[in-house]
Every structure is written in C-alpha cells, then in structure tokens.
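Spelled out from the first residue to the last, the chains are:
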Amino acid sequence: MAVASITQGGHDSHGEIDQLYIETRELRLQGFLLFLVSDCVLFSSFIFAYLYLRNSGQGWPPAGINRLDVAFAAVNSVVLFGSGATMHYALENWKHGNFMKFAWMLIFTIVLGVGFLCGQGYEYTNLIFHDHVSWWGSGIFGASFFTLTGMHGFHVFVGVCYLTVLLLQSAGGVYTKDKYFGLTAGTLYWHFVDVIWVVLFSIFYLL
Amino acid sequence: MNLVTIEHIVAVAGGIVVAVVAFYALYKDWKTPGVENNVFRLMLLLLGVGAVIALLAGLGILGNFPAKAA
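First to last, the protein sequences are chains W and G. Quick note on our numbering: the first sequence kicks off at 1 and runs consecutively. Quick note on our numbering: the second sequence kicks off at 208 and runs consecutively.
Calculated lysine to aspartate or glutamate pairs in the EDC-like style (CA-CA distance at most 20 Å, straight line):
#1 W:Lys101 with G:Asp236
#2 G:Lys235 with W:Glu92
#3 W:Lys179 with W:Glu23
#4 W:Lys179 with G:Glu243
#5 W:Lys177 with W:Glu92
#6 W:Lys177 with G:Glu243
#7 W:Lys177 with G:Asp236
#8 W:Lys179 with W:Glu92
#9 W:Lys95 with W:Glu26
#10 W:Lys177 with W:Glu23
#11 W:Lys95 with W:Asp178
#12 W:Lys101 with W:Asp178
#13 W:Lys179 with W:Glu26
#14 W:Lys179 with W:Asp18
#15 G:Lys238 with W:Glu92
#16 W:Lys95 with W:Asp18
#17 W:Lys95 with G:Glu243
#18 W:Lys177 with W:Glu26
#19 W:Lys95 with G:Asp236
#20 W:Lys177 with W:Asp18
To be clear, the hints were calculated from the coordinates, so they are not data collected in a lab.
With the rest of the complex left out, here is chain G:
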C-alpha cells in the first residue's frame, strides 16, 4: 500500500466522519433560535458540503484528472 492510497483512505474515512457529525449537529440545532445560530446552521451546512467534497475527492470522483503528456 503506497502513500497515495493511504491518503485516499484517510480522506474518505475522515470525510464520512466529518460529514455525519456536521449534518447531525445541523439536525440537532435546526430549531435553535438566535442570529448566531442561523449563521451556525449555514456554516455547518457548508462544512458538511465541504466534507462531502473531500470525500468525493478521496474516492477519485472529483479532481481525478488524467496525467498530462510530457
């Protein structure tokens, strides 16, 4: 197992964990009143989206570009 494979595995595992935690926190705080909680919800949503993007990059679905010809 080379370093790149390990990086992909860590990105996928970490992406899943962070996305689940972010969306669960978003679900729990969904009805909390207050201006700052509205901002927190937006931030948590974007954090979850970011984790999903990192997960997809780890899976090679995003950012999987063919090698350039020399």
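Isolated chain W (complex conformation):
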C-alpha cells in the first residue's frame, strides 16, 4: 500500500485534505522547531550549570574520580552520528520515492540508536560498579554527568520509539511522496539529538 501511494505521488481523492495539509504544514513545522528550541534551552541550562560548577571547583575531575573512557565514548559517538547520516538518507530516499531504501535506512537508524543506548548502558554499568561513580554519591561530577547524559539518553530512547512508529506508519501508507511531514519532523528530532551529543561528548570527555 505504501509503495503504491508513494509512486502515485499522493494525488488521492481527498483534495480538501491535501489543501489543509499544504495550509497547515508551515505552521506545524514552526511549532516543531519551537519545540526543538525549547528543548535546546533545557539542555543549555543544564550544560551551563555544569560548566559553571566545573570551573568553580579546584581541579577536574574531582579527587578520587578517574577520567572518563574517551575511546569507548568516541566509538559510541560515531554510532550515534552514523545514525544521523542514515536518517538523513532515509528521508532523501523517501523524497525520491525509494520506499525500500527508505525502510532499510530507517531500520539502520533505529538499530544504531539502540546500539548507542546499549553503549551508554555499558558505560553506566562500568562507572557505577567498577569505578563507584554514582548519580547520588559522587558530588557535582556524578550528578551533572548522569543528569545530562541520562536526559540525552532518554531523548534517544524517545527518538527510537518515534522512528519505529514512523516506520510502521510509512509501511501502513500514512505518508505519501508529497505528504510526509511526520518523517521530516522525525529527521529534525533525530538530528537534534545528534547535535546535543556533540556538545555533551565535548564537554564531558574532551575538556
């Protein structure tokens, strides 16, 4: 059904629905971008609080806490950034009417997103049980690290669920070649999650 609708270019019998879509698309896009901006403000406030606290203390990381594992985090970052690239090409394939390529790219994106979450889980496990760093008992470092990366991880989890829904919707024929705002919003959200990780990776692992 999805293949049929994508090749037909979305010119169905629901003319008034098409008109409504065209009229409201810009508004929905602006609304979604405002949501991303508000999310950006949320992350920014936590990031600046972390940087302020970090620079107000003596030495970083605090005594008794080892530096984070940069090599593993770099691999995990590449996994997440790779998912951003596959998501971009998923949307491009949809725009060009290649449903199968779109579906595979979206599946790759979901798998890479799950891979990133597994990597983060592995890192948390190592930190908590091996290095004895915890959210509640390691001062500013533990609190800020687990709060920010946990908040980001939650966003990735929501993104994975969102992309899975988009995959099912697109397979069910919800979107057409001309009407695919949900896919655009999903791509924007996933890119946003990637970009936030660029900042978090830099401030926690490389500074």
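Since chain W is already given, all that's left is putting chain G on it; use the hints.
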C-alpha cells in the same frame, strides 16, 4: 591488539565515514530551498563537526590526558 586499540581504530574509521557522508550530504543539499532544509544544513554541519571531533578523539589528538598520579 587490545580492546582500546580496536576502539581507537573503529572511532577513526567511523569518524571518517560519517564526516564524509555528512559533508557530502551538506554539499548536495546546499541550494535546496525551504525552512526545514536550512535547519537540516545546520544540523548536517554540526553532525560533520561532531564526526571530526570523534575522529580526532580516536586519533588521540583530543581527550588524550595524562594518567593521574595515584
């Protein structure tokens, strides 16, 4: 070859691939009109920068801190 070396190799190789893909996508979409495409370009640029940062971390140029004295 130990695990850390493998992690560095994967980070470098993955960083190169993702950076090339991101910057190529940015180049291809450079003149596409529309608000969302402006945002996509910004996101792709930052994605490429992130991949380069991960690549440099994999090479040990960034984040290569000396071990702390016990």
